[in-house]
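Chemist: Using the sequences and the accompanying hints, generate a full structural model.
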Amino acid sequence: MQGGAWLPIAFEVVLLVGALAVLLVAVVAGRDRRFWGPAAGLAFAGAALAGVLQWREVSTSGAGLFFTAQGVSFAKSPMVVMDGLSAFGAIVLGLVGFVGFLAAWDLVAKVGRRGPELVSLLLLSLAGLHMMMATPNLVVIFLGLETASISFYVVAGFLRRQKGSAESSFKYFLLGSLASALFLYGVALTFAATGSLTLYGGNSIRDFFSSTIVTQPGILLAGMALMLVGIAFKVSAAPFHQWAPDVYQGAPTGAVGFMAATVKIAGFAALARIFGAGLVSQVDTWTPIVAVLAAVSMVVGTVLALVQSDVKRMLAYSGVAHAGYILTAMTAGVAGVPAMWFYVSTYAFMVVGGFAVLSTVSGSDSSKVPLDDLKGLVKRSPEMGWLMTFVVLGMSGMPFFAGFVAKVFSFVTATAVPAPWPANDHGYLWLVVLGVVMSVVGLAFYFRIIGTMFSTPDDQAELQEAGLPVRFAVIVSAVITVAFGIVPWPLIEAVRDAFPI
Amino acid sequence: MTVSIADWFKETANWVFILLAIPTLLGAWRTVTSNNIVRSVLYLVVSLGGAAAMFLSLGAAFVGWTVVLVYIGAVIILFLIGIMITRAPLGMKAELSHASNVRMPAALLSLSMFVLVAWGLIDAFSNTAIEPFEPTPTSDIANLIFSRFVVPFEVVSIVLLAALIGGIALARRDDGGGA
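Chains A and B, in that order, give the protein sequences. First residue of the first sequence? That's 85 in the numbering used here, and the numbers climb one at a time after it. First residue of the second sequence? That's 83 in the numbering used here, and the numbers climb one at a time after it.
Hints are computed from structural coordinates only; laboratory data are not their basis. Hints are not guaranteed to be accurate.
Estimated spans, in silico, between C-beta atoms of each pair [unchecked claim]:
#1 A:Arg245 <-> B:Ser229: 42 to 50 Å
#2 B:Phe228 <-> A:Ala193: 40 to 48 Å
#3 A:Val571 <-> B:Leu226: 45 to 53 Å
From the structure, some residues in chain A lie toward chain B, with a derived Cβ separation under 10 Å [said to hold, decoys possible]:
#4 Val164
#5 Ala211
#6 Glu230
Quick caveat: nothing in here was measured; it's all calculated off a predicted structure. Note that CB positions come from ideal geometry on N, CA and C, so glycine has one too.
Modeler: The structure is reproduced here in C-alpha cells:
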C-alpha cells in the first residue's frame, strides 16, 4: 500500500504533531503568534493533504480496515477504517479546520499569551472529530467524541473574565457530558444486545445481524436510541438543541464558527457510519425516528430563529434547522450519505464564514452580537457586507447558492427510497413538504439579517479593518457558497464516492 | 454442590476472607458515622484497601491494583483536594452531623441497595460453590492494550492531553494581556 501503514491514521498524526509543535515552539521561540502560527497552519493544511492522499488511495486501491497489531489478526478487531466516508471527511475537516483557524486569528491575538493553548486545542479537537468517522469501533468513536468535546468545552470558556463565556462553557460541559454519557450507555447496550463493539470486520455487529434474527429487540432498541440521542445532541438536532444558542452566544465569536461547523461534519459522518453502515440491517427501525428528529429540528429551529434579536442565537437556531435538513437526507439510510456530505460540507463553510464576519463586526472576543451591530454593514464595509450577504443567501437556500443545491439534493434523496413508516414508495414525502415550507418561513429571518445590513448606518464608527487571515477565511467561505451553487456538479460527483464500506 | 457452615470454616481461604471483610465493613461504617470529614476519607481508604485485597485474594490482580491506583491513589486524593479548596469544616473540633430527615432516607437507600445486591447474588448463585478458575494474568491485559487496543489507548492519551492543556489554559494566571 502506498504511503505505508501510516496513511489511515495520517490525518490524526499530522494534527497531533502540529498541536505538540505549536506548544513546543511557543515555549522555545516565544508566545508571539507569528512564531507558532505557521506551524498550526501547516498542520491544518497537512491534515487536508492527508485527506487528499487517503482519497486517492481509496479510489485507486479500494477501502480497507486497519490496525490490528502484529500477531493479532487485524481483520479480527479493526480499529481504523479508510474508505470514501473517512477520506472525504478528512478533506472537508482539514479545509474547514484551516479556514476556521484563519477566522480565529484575531481571537488568538486577543487571548494574548494563551493563544498556543487555544490553537492546540483546536488541532486536537479536529483529530478527535476525524477519529469519530474513521473507525468501525464504537468505543473509539466515543473517545474521538470526547477528545473534541473536552477541547470545545474549554474553547467555549476561553475568555474567562467574560460572564457569558464561563456560562457558555459550563452549560456546554454539563449538557455535553450528559450526552456523551447517553451515547456511551447506548454503546454498552448495543454491545449487550449484539456481543460486539465493532461495526464491521470479523465478529462484528453486521455479522451478528446477518446470522441472527433478533426476536426481543428491547435492549438493542434502547442502545440504538441512546446512541442516536447522543449524536443528535452533538449536531444540535431538536429536541436536543437547547445548549446550542446559549453556547454559541457565550463562546468567543472568533472560534464559534470552527466549533459549530466541525462538530456537525463529524457528527453526521458518525451517524452515517454507525447507523448507515453498521446498523444497515435495522434501517427500517431507525429511519422513522430520524425523520421525526428532522421534522422537529426544522420546525423548532426555523420558528425560534424568527424571534431572536441576537445574530449568534439566530445562527444557532438556523443551525438546528439545518441539522433537520441534513437528517432529512439521512432518512434514505446509507443512500442519503452523498446528499448529507454535500449539505454538511457546504454548510460548514457558510457557518465559518458567517461567524467570521460577526467576529469582525462585534469583536472576535465578543459574547453578544445584537442584530443592530450589523446595521448598515454594506455601507460601513462593503467587502464584509457583500460577503456576509452571499453567506446568508447560501444558508437561506436561494437558487444559485450552494444551500439551494444542498436542499434540493437532500429532498430528492429523501423521496428516492421507499419509506418503512408510513409505508409507501415515495419515501418521506411529508418530511420534504415540511422542509420546503420551513425553508420559505426561514427566508423571513435570513432577509431580516440582510435587510439590516443594507439599511442606513446610524453614525456608527467606521468598521475596524479585520486581519488578513480573517478576511481570507470569509472570502473563501463566500466563494465556496457561490461556486458550488452555480457549478455543483464536481462536488456532487465527488460525494457519490464518499460512502462508508 | 452445597456447603455446610462447619465446612465453610475449615477452609483457610474463608478465614482470609473474614480477615479482609471485617476491616472493610468497619471502614465503611466509620466513613459514614465519623464526624470529621478528613477521618471519613481516611476510613474510606481502609474500606477500599479491603476491597482491593479481596480482589487480589480472588486472583483478579488487575482489578485489585486498579482499585489501589485509581480509587485509593487518585480518587481519595481528589477528595482531599476537594475538601482543601472548598470551605469544608476542618480540624479536630469540626463536627459533621446530619439532621435525622437526611439520615433516614440515606439509611433506607443503603438498605434497599444492600437487599437488591444480596437478593441478586443469592438468586443467581444460591448456595453453589463456584469452581475456581484460572485468573487472567495482568500481562495478558497489558499485551492486549498494546496490540489489539493500541489505537483506543493512544486516543485516550489524546483525550488526556486535551484535558491537560484545557485545564492549564483555564486555570493559569495571566501576566498582563489576554482576557
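Chemist: Against each hint, give a clear statement of whether it holds in the structure.
Modeler: Now the hints, each set against the structure:
no., hint, in the structure
1, A:Arg245 <-> B:Ser229: 42 to 50 Å, "holds (47 Å)"
2, B:Phe228 <-> A:Ala193: 40 to 48 Å, "holds (42 Å)"
3, A:Val571 <-> B:Leu226: 45 to 53 Å, "holds (51 Å)"
4, Val164, "holds (6 Å)"
5, Ala211, "holds (6 Å)"
6, Glu230, "holds (5 Å)"
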